[in-house]
Amino acid sequence: MKKYMICCGLIVFLILNGKDLISQPQTIFPDQMFQSHQLDSEGKDVVWLKNGTAFCTYNGDLFMFVWTEENGNSHDQGLLAKRYYPYVYSYMNGDFQPYLVNGSNKLVFGYLHEDDWYLYHPDLGHEYDLNLIGKAFAFVYNDRLWFWSYIQNPIRTQWFIECWAQLSVDGTSWDCRINETFDAPPVSYKVGAVQAGEALKTFVWNTQSNTFSVEEFRYDNQAQWISYHSKYGISLPGNMFGSVINYRDANNNDCYVYSTYIPPAMGFISFESPVAGWYSEPFFSVPPGVMTLIQGSIRGNRSGETVHPEDGNRFTVFSLSGAENSDKSYSLFADEWFIPPDTAARPQYVRTSQVVLPAACPPQQIDKGQDLRSATLMVPWDFTKEVAGIDGLKQQVCAFYPDKKGHIYGAFFQSDNWRPVPNSSVTSMDLANDELYGKEIRSLWTLVGITDGAPPCSINWPVWTSLHTPEVEPTELKFKTENISKTEVVSTYEDSYSLGFKIETKEEEVMSMDESFKYSKAFENKETSSSTVKTSLTTNFGLNEESQELGCRIWSVPQIRRISYQVYPWYDSLHPVINSLQYQFRTTGIFTYVENIEISEFPYLIDEPNAADLAGWKPDHRTAMYYSVLENDLSPLGPVSWSHPNSGPVFSFSEVTTTTTSVTDKNSYEYDLSMGVRLPEVFDLGASMNDEVSYSTENTYETEFGTELEISLSNLISKQDGINLSYYDFGIYWFKPNEGDWWYLDSLDGQKPWYIAYMVGTVHSRIVLLSPGPGSTLRVMEMLFRWKAEEGELGDYSFFISTDPHVGPATILYESYCGDQTAISLEDFTAEPGKTYYWAVRGMAPNGEAAWSESRPFILNAADEATQAVPIKAEIYPNPATGSEIYLTYEIKEEGTVYREILDIKGQVLLQTKQSCRSAGVHSEILDLQGLTPGVYLLVIRADTGRVVKKLVVGN
Amino acid sequence: MKELMIFLTGLAFAVNVCAQNNYQEEQPFKEKFLLELNYSFLDADLKLLTMTKHSLWDGQDFGTLELDQDEIDSLNSFVDYKDLLHGLSLAAGMVLLDKPGNKWYIEGHLTIGLTRREYTVINNKSKTTDLIINSENISPWYGIGFNFRYHFDAKWGLALSPHTVYSFGTTKAIDDNLNPVVEFMDETRKNTFDLSYTWVNLLASFAHKKFTIMAGPGFYLCYSRNEYNIVRTQQEDGQTYEDTVISTLKSGTFINGSIQFDWRFNDHFLFSAGAGLSNDISATARIVYFL
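Chains A and B, in that order, give the protein sequences.
So the first sequence is numbered by the working numbering: it starts at 49 and just counts up by one.
So the second sequence is numbered by the working numbering: it starts at 519 and just counts up by one.
Careful: at least some of the hints might be erroneous.
Quick list of in silico lysine to any residue cross-link-like pairs, SDA-like style, CA-CA up to 25 Å [as the list claims (entries may be wrong)]:
1. Lys452/A - Thr570/B
2. Lys98/A - Glu589/B
3. Lys565/B - Ile692/B
4. Lys645/B - Lys98/A
No lab work stands behind these hints, which were simulated from the structure alone.
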């Protein structure tokens, strides 16, 4: 009778709770299977050793800890000692990769003995197996990843070692510590842990009383470690601990769900909630051999679910059957539960499903019996398109188990979906507000170029604007620089899927003042793609006051988009889970951005761009820049000058065109940023952390500079037009980034842009090139260059030969200081026949300002190639000449006519003699100086086969 | 007690009656060829020899898992593997030796027929029947057998009967509780088997008129190989998931006690029935037509 009543009561209980005990469980297929293979660096299989393998989700990453045997060195007694270490792995690209910290993924416990670490004393002299007490487990506490394990010394059985490991917040180091006790046998040991607010609750199994209890710890920020706080009992049924999760109810109360069991007979699900209370329910699936539970659904990839518009918080209980199957495996089951939003309501059971596993991947017993673990993982969808309902992050729930040989298998299930919040995506340009969003985004911009803005001019603007109304044909000073930069950017970038999170939000808005955007390396699933961006920048400067006050910077900006995500239950695309938000950053390309900068700022530093004397544009004001010009022998692209009398139109036009030039620049960013992944607030898993980020972009800029400059001046009648200056001259300088040591580069945080700058000149003198003429084809003996200064005094001449019309540090082939001389004969420059060279001269005015000549091309006669190898040797004695005669000795290689010329420093021929049919060989002559006045002269000896020029000084 | 006394009395009477007849060498039958209609039954408890499992899921090869000897022994300790065979066959043979004055009789025949097989796996730990495979189609059955007899006298003799039969087939009638059907997936399951059954009976025979009774030990071996293949296909994307389990088994015991009863009721027809008893049960019934 008694038994009958019990059975009836059980049946009534089951009926009232709606659980279907009679029907068979449904089936479910994992969305993905994982099978371990060679993982460690030595090519050995990593195996699930006893109960020493633990899994944990940390910031969206899936971590695995595996106790692994390692053969140690011989110790005192000459025998090999096995040693064991937990190795750490993280899941990436479908496999577990070693999680390296300081180059190693090994956790080292124990103590140092003779420069080697031992967990046990090395003098034991035996080979021994790892003897684990209970199960190793991992958890997250205080934004850190932790690992715990308990070991008994197999020889000295009274010796127990509790191993703790903590990963630092910045992920750069593991802190591994041990607690040793010498009591035998162990009375209690830890079986699990969970963060409860500020506390760490560890669950302890007492082997004497056969009960569970709780030991609480707090985190000591000074010691960077936990400290014991308190201990108390807890009423959990069963004698084996599965796992624990915590969640927050609608009122943000911390609640807990536990799985415990008595293998292979019974399982229990227990709940702890401040509102709903504490209670346990028997586990109504197949009697379990081992249990574990994890938050998240397993139905994300399945249709046909009933709709629960108000609940979205599910957890899953995984279990292995207690009874072995007839193929030497155990069956894996998944029980689904959901948590109603009503704080007083208890979690509800949904269904049981048997998980179909590959026949070759059976769950089996390992040395200590069955083991089963669970964790979650976040994986991105395809982000190439932001399409509502499809784009987002997949959350996966994973169940891991071993086979008899310790192979590790994982069944992955797609869980809930993270989908973009409509209209929430913002671009990197929107995020460029440093005050609001910090500087991280802007620091990824590359400064490609700087221009001084509108060319300098000095105009009385009120007069100008009063005279030149729109109805009147304007008198304008037009500086038009076309195609000043046409940058083709070929960029190859690693497209990192990254997660960010909101560090602090003062309100529940998407954006707040405290928001920062961080990158994570949660995913190594990178793709490399390239795109070519061509932009053409044309800056036309109007003749108005405002155009004088702004320069522009040209940036290459990675186009980054931030997309906000919320989690949606797999069955409901309309109701996101409350308190869930994630950010995802996506690099979609590179574009060019022009930024206007006040001309008074660096590097312009021009306080009065419209001053009457244009002081800000002059070399003596922009001294640092001018010093770089002189030091690096940088010539202007072309001089622009204009002189204006009091009446009549004056027009001066200068057109400078240059061939295109390429500048290649490569940038890569290694960025250390904070990261964080916060899973829904309902399940308090996420925490902010620091992590390393690898965002690398390789950009090749092919920049074309077409410096076509057009200047026109028309209809200027008188000074009353508003133009202040009667004479005006300025040069356009181009500071190429890799060709000189420019003063501004050190000030731009490592950025190396090009810079087109204007400098107003005050030197009225100009240098006129005399000979050779433009485009001359010269013979070797005709390499004599002459020039003169006009309209003023110049001296300290420097002579340059360049490969480019624009003489600059990268193009200069030959440079010679000439002092006050206005001619030079090249004795030590070897020109390549047939190739076009450019020569130019720079002179210095008394005020220290430079004046440049134009650059003029010349070509060495190709026929002279043969003769270049046969120079004429000559000697003069005495030199300086003290009388009216000098002795000249010279040698010619071949018979021919020999000319002897004496030139002054201006290149004017003073004396010339000729001797025909001179035979090959050495000849000595007396040369009459015919009353040359004291000074410096050039003696030129030329023959059919060559020429030589000697400096001759005639003394008093 | 009463019934036993009646049986023993009757048996004594029959033996006495038979013993009173002197052995007279009977004339051998003239018929040399024979045709036989045969029904065989076998209910064998097998032992697992090997089991391998291979999985190819969505292009990912999970390799082949082979159970080691410890695992095999463990399975044999709590799992029953049963093979139930029903075979109906025709045999053709001839009398190879049956000469007057020769105490030897040799007969040989070839068998061809059909069999129906049911293979069952029972897990005694979980008390579940994990697998039942029925050959829904009748599978072919081939065999060869001999009968060797030596007559000590007209009554007593010794018989040696080696036989072997071989059957094979493929079936999709599978009831699998270990690998349940998965929702939203199409699947095909098939089991391909090979089976051979060889037995040698060493029987002492006693003949009286048209009847012969034989009894003695029988030695036998039943060997089977099953290849069980499951292919599942996702309805949504067409991805396939394939599992193959290959197991080989053999009979758990090799000796039984055999009895056989022959009734040659005229020159042309013989009826024979026999059974082997041990952990396994076998039975045979046949009608032979001599010509």
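Status of each hint after checking the structure:
Among the hinted pairs, Lys452/A with Thr570/B is consistent with the structure: their alpha-carbon atoms are about 14 Å apart, no more than 25 Å. The suggested pairing of Lys98/A with Glu589/B holds, with an alpha-carbon distance near 18 Å, which does not exceed 25 Å. Distance hint between Lys565/B and Ile692/B is fulfilled; the C-alpha atoms sit about 20 Å from each other, no more than 25 Å. The suggested pairing of Lys645/B with Lys98/A is violated, with an alpha-carbon distance near 29 Å, which exceeds 25 Å.
Violated hint: 4 only; the structure is consistent with all others.
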